[in-house]
Amino acid sequence: MSTELAIETTGLVKVFGDNRAVDGIDLAVPTGTVYGVLGPNGAGKTTVVRMLATLLRPDGGTARVFGKDVVKEADAVRSRVSLTGQYASVDEDLTGVENLVLLARLLGHSKPAARDRAAQLLEGFGLSEAAGKQVKNYSGGMRRRIDIAASILNTPDVLFLDEPTTGLDPRSRNQVWDIVRAVVAHGTTVLLTTQY
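The sequence shown begins at 1 in our numbering and counts up one residue at a time.
Just so you know, the hints here were simulated from the structure itself, not pulled from any lab data. A hint or two may mislead.
Claimed, not checked - Now the in silico label distances, taken between C-beta atoms and shown as ranges: (1) T194 x P112: 34 to 44 Å; (2) S79 x A182: 15 to 25 Å; (3) F16 x P112: 38 to 48 Å.
Quantities reported herein were computed from a predicted structural model and do not represent experimental measurements. For glycine and all other residues, C-beta sits at the position ideal for the given N, C-alpha and C.
Build the full structure now, drawing on both the sequences and the hints.
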């Protein structure tokens with residue numbers, strides 16, 4: 001494990017009207033770790049992740065990802081991170097393989113490379129048998145796995161997982177934790193939010 005910080009925030013603030021959703025959060029997340037942000041619904045966990053992923057602009061404080069300011073150097077931050085939100089971001093009318101190939105092509109992979117990467121991820125996430133099924137026919141656990149697979153088509157330096165196990169049965173939850181461990185073992189820093 002490195003002593004370099006993957007994520008560092010000081011006094012991070014986000015306000016929506018009269019609601020101070022994030023009130024001075026300080027984080028220091030070492031590279032190559034899994035860091036959990038624990039709290040109930042409405043605690044501001046998703047808002048923090050969205051600011052770190054450059055989707056929301058902070059109203060106060062500072063946030064850096066690998067030393068890059070999330071406001072002033074947003075493009076540099078985006079090139080190093082990936083986000084899996086609370087809700088599936090894949091197209092439910094496409095099959096698992098179609099989703100991964102499409103996203104890989106959008107990320108610049110050639111057709112053969114996209115197919116190879118999709119097959120590799122489907123195998124690694126235990127979805128090979130369901131690869132030809134429409135995602136709308138996947139179980140909740142399968143949907144989370146395909147969503148995480150889509151987030152790591154290009155291996156990010158930081159992976160944000162927002163509530164990755166919400167609504168999953170214990171077996172599916174354990175499968176997601178196994179995936180998180182494998183992603184970290186390959187060098188990615190994971191920041192996840194959870195109520196558990």
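Checked hints:
{"no.": "1", "hint": "T194 x P112: 34 to 44 Å", "in the structure": "38 Å, holds"}
{"no.": "2", "hint": "S79 x A182: 15 to 25 Å", "in the structure": "23 Å, holds"}
{"no.": "3", "hint": "F16 x P112: 38 to 48 Å", "in the structure": "46 Å, holds"}
In the structure shown, no violation is registered for any of the earlier numbered hints.
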